[in-house]
Structure formats: C-alpha cells, structure tokens
Amino acid sequence: MAEQDIIRRSGTTDITPASQARVGGVKKVAKLFDATKCNGCKACQVACSEWNDLREEVGEFSGSYQNPPSLSPECWTLMKYNEIEDAGKLRWQFTHSACMHCADPACLKACSTAGAIIQRANGTVDFDSDKCIGCGYCASACPFDIPKISAKDNKAYKCTLCSDRTAVGLEPSCVKTCTTGALRYGTREDMLFYAEKRVEELKARGYKNAGLYNPEGVGGTAMMMIFHDINDPESYYMPKDPQVPMATEIRQDWLKPLGTAGLIATAAFALMHRITVGRNIVEEDQPGYIDAAAEKEEDSK
Amino acid sequence: MSKQEMIVRHKLFDRLCHWTIVVVGLVTFLTGFSFFYPSFQWLGGIVGTPQLAKVLHPFFGIAMCLLLGLLLIRYYHHNKWDKYDWPWMKAVVWVLLQKEENIPPVGHYNPGQKMLFRAFVIFVIAFIVTGVIMWQPYFAPMFEASTVNWATLIHAACAILMLIAIVVHFWMATWIEGSITGMLYGKVSKAWARKHHPAMLDDFKEEEK
Ligand code: HEM
Ligand code: SF4
Ligand code: SF4
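In order, the protein sequence lines correspond to chains B and L. Here the first sequence is numbered in my numbering, starting from 1 and rising by one per residue. Here the second sequence is numbered in my numbering, starting from 1001 and rising by one per residue.
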C-alpha cells in the first residue's frame, strides 16, 4: 500500500519531498493520557503487545510492578510506577509511557536513512522498519528515550500509534482497552478541548497545579498527558523541557552544509592548483646527490 | 636514466600496511558517508545493501584504525619536529607555487606531512572512542543517550575533517610525481630525495656508515 500522506520524511531534501497528495482533509490527531484517572492496571501495555504480536520476556521482580524495566524492541508501551511520598503518605503515580509523536520529532531529524522515519499528515510519527538500517541515531536523539534497537534484526522499534488501526478508522488498541477512560483518542482539537475541561475540574477539586503536558520544545506532542502537578513532570519520569538535542541540530543543520562546502572547496582548490601550477617532476638527469657541502660548492660555480 | 641511483624510502611492511589501509579505508569511508548523506546511501552499496553497510562499517573502521595506528607508530620517528620545519613552513606558499629556489630544505617528511600525521593520530583515537560508544546494538545501550548523540556528532565531524585531510594527502601524493611509486615499490631516486627531502639524504648517509 503506497503511502501518500507523508508530511515529513527522514533523510529527504525539500527539493524531492515525499508523496503528499492525500494530506488535504486530514486533521491532526492526539492520544490523551490522563494520569489522574489511571489505576495502573496495565491493560494498555498488554493490549499493545497483543495487537502488535510482541512478547517481551518475563523479567524478574526488582521491587516494582514495572516490568519490563524499560521500553524495548518487544515492548512499545510500558506502564511506569513511581512511588511518591506525600505528607507522610505513600502514593503511586502511573505513567503510560510510549512514543510521544512529537510535532517536531528529533528521531526523524537524526535519522540517517531516507524514508525510515515518516510523519503523517495526522501528525503521527512512524518507522518504516524495512528501510531502517539500525544505526540507532533516532534512539540517541529522542528526548524521551523511546526508540529501541533490536539486537535480533537491527531495526529500531517504537509505538506506531497503531497506524494500521487508525488508517481504517479504529482507535489505537491501548485506548480501546483502557479500563478507566484514562486514555482517549481523537482529533487534536477535541483532545485539547477535553483536557482543558478536565484540568479545570481537577483544579476545582483542589489540584491547583494540575495541567496538560504537551511540551513546546518539540512543537507539542500527539500524545499528551494530564498530570496532578504539571510543574513536576519528572515525578512521572517525563523530562521537564524536552528539546531536539543540540548535537543533533549541529550535525544536521551546521556540520552537513559547512563540511560539504569545506570538502568541495578543498577538492576544487586542489584541482585548480594542479591545473595552474602544473606537474612537479624530478629532472632525473640533474646532478645526483654528492653531499651537502660539495653540492653547495657546485651550485655556486 | 637507468643510471639514476635509487634509495629506500618505505619498507615492504609499511607499504603493505599503507595500501591495505587505503582499501579498508575506502570501504570505511564510503559506508560511513552513506549514513551521513542519506541521498548518497548507494555509496554503501560497495558492501551490498545499506543494512550490510551498517553492520560492516564498524568492523572495517576498527581495522582501518588499528592498521593506521600501526603505521603511525612505525613512522613516528620520522615525524618529530626538527630544525628544518619552521623555515620550510614559512615558505609554504613557494612550495605550492613550485619556486624551488625559495624553498628551504626539509628532512624525511615536511611539516605539512607532519601535521597530517598528527591529525591522523587524533582521528584514530577519536574514531575508536566515539565509534565504540555509538556501536549498535552492542555498546551504545551501555551509554546515556546524550553521550551517544554527542559521540555521533564528533564521529561525523572527524570523518569530514579526515576526508578533507585525505583529499589533501591524495592531491600532494599525485602532484609530487615519484612519491606514489615510492609508496608502491619502496624506492625513490636520489634526485627526487634531493628535490623534495634533501635532509633525508643526510640520515641515509649516516645509516650507510
Ligand atoms: C588513494 C589514496 C592514497 C594515496 C595515493 C596515498 C599515497 C601516499 C604516498 C605516496 C605516501 C608517501 C609520502 C612520502 O613518501 O612522502 C603516503 C604516506 C602515508 N599515507 Fe597515504 N595515500 C592514500 C591514502 C591514504 C589513506 C586513506 C590513509 C589513512 C587513512 C593514508 C595514510 C598515510 C600515512 C599515515 C602515511 C605516512 C605519512 C607520514 O608519516 O607523514 N594514506 N601515502
Ligand atoms: S517521542 Fe521520540 S520517538 Fe517518538 S516522535 Fe518524539 S522523538 Fe520520535
Ligand atoms: S535506527 Fe533506523 S530509524 Fe533509527 S535513525 Fe537509524 S535508520 Fe533511522
């Protein structure tokens, strides 16, 4: 199935953009995770592994219900469990962690392979694993530490936002399964509207710092989160101010053009030099070496 | 012309080492730049597919660095700064313009070659360190993502700089006729040595004694 709704494509110049005839009526979508409703049941994590046929190995208990310990090539959605002590009471905070589907995706910017990462007109970011070479540039650039490289097939994997479901009008499998209504999916506009109402409600109930996590540093995300305390996203294992990393920007926006210019300039200079100055040949019949002193004498004659 | 006296400039081991580096380096550079320039991913086709290029690049790279390191160790004693270097360096414009009479003598290597030598030392170290840090799927997962990301930047910057250095190296090698035959077959004529590296002949005299 040819994809014709691609608004950004890794390793591709603007002169030859990806096919985008079918971006016309497409609205931006979003998944909303409401941490204030989540009860940590892990149904989403299981649904993800079910729908995508992923089976991460059963790990070992390490003092937390979080398992596996981190996202992996076989685990694209992971429930994170953070134990918080609040006024002498223990409280759990759950984070539905998966790809954030950044509007300005660092992974796509860093990718070294044409078309291995694409962004669709609906705003979601997808990996075309068949093209992927497994260099891992996406994994090191992502400010949320999401893509993981499989040692089995050298490919990068992460949440697709169920692009194979949403393409035919279904919601992502995690959203479909969520037992509490903490996960929602819809147009970005609707989700922003809903989130605003929900945050207002939380504030009215006494959660003064409740707010929406939709970080500006990456242009906003197509997975947004509602937190009890928006000033402390780290307590949900989320970065405070995620950005496209500086090293990625320097490499792609500065090193490439400047380095290429330097390379071409050097080669051009070398060629011009060869043509203008000409050959550098040794006259083999010129007097051979005697020794430095005698040679000098001879020269001065 | 058959009378021309030849002297040894590069020993057999060093010549084999050098040309192996050229072949291994060619594969390393073409595969490496296939990742840097996605539109030129076909450069990696020298080893088959882009995926194979990714798998093989680090191994060729390690081989290139180890062999280059070996060559650098073997040529270290020729590349120390000496009294001839500074006057030559000041006259480098005359060297490029081939105004022979204005060029002060130099020894086995000239300061340009010695600078290239030092650049290669830095590149070898930088490539090994950053290359291991970014090596998926073996070593990269052991490091922080931001460490890997900076390593990737430094690795790419060194690759561009080293390619520029190699363009200069190639330019000089092909310009100074007789030097490639020297690196291929080991010997240069005394007249060649006298023209390009006069003080080298003093070393040679001493060795002969
Ligand atoms: C096709 C490409 C190349 C050609 C034609 C070439 C040619 C030469 C020649 C003629 C010399 C001897 C210079 C002299 O006698 O003064 C030399 C030396 C050397 N080459 Fe190359 N070379 C090539 C590529 C490379 C590459 C890719 C590397 C390393 C990655 C390399 C590393 C060296 C080193 C380390 C020396 C010794 C220089 C010194 O100690 O200062 N060469 N090369
Ligand atoms: S969260 Fe990471 S993997 Fe997902 S779109 Fe953003 S940068 Fe890419
Ligand atoms: S691992 Fe694959 S998707 Fe990630 S940057 Fe490399 S080629 Fe692109």
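Please note that a few of the clues may not be correct.
[Unchecked claim] Now the stretches of chain L that chain B is said to cover, found in silico as 3 or more residues with beta-carbon under 8 Å:
#1 1018-1028
#2 1037-1045
#3 1093-1100
#4 1118-1126
Hint data in this document are derived by calculation from the structure and do not stem from the laboratory. Just so we're clear, the structure is a prediction, and the values are computed from it rather than from any experiment. C-beta: ideal position from N, C-alpha, C; glycine also.
Structure-based check of each hint:
1. 1018-1028: Our answer is that it is violated, as 0 residues pass the Cβ test (under 8 Å) against chain B, missing three.
2. 1037-1045: holds (count 4)
3. 1093-1100: holds (count 3)
4. 1118-1126: Since three or more residues must qualify, the claim that chain B covers the segment 1118-1126 of chain L is violated, with 0 doing so at under 8 Å.
Comparing the model with each numbered hint stated earlier shows that hints 1 and 4 do not hold.
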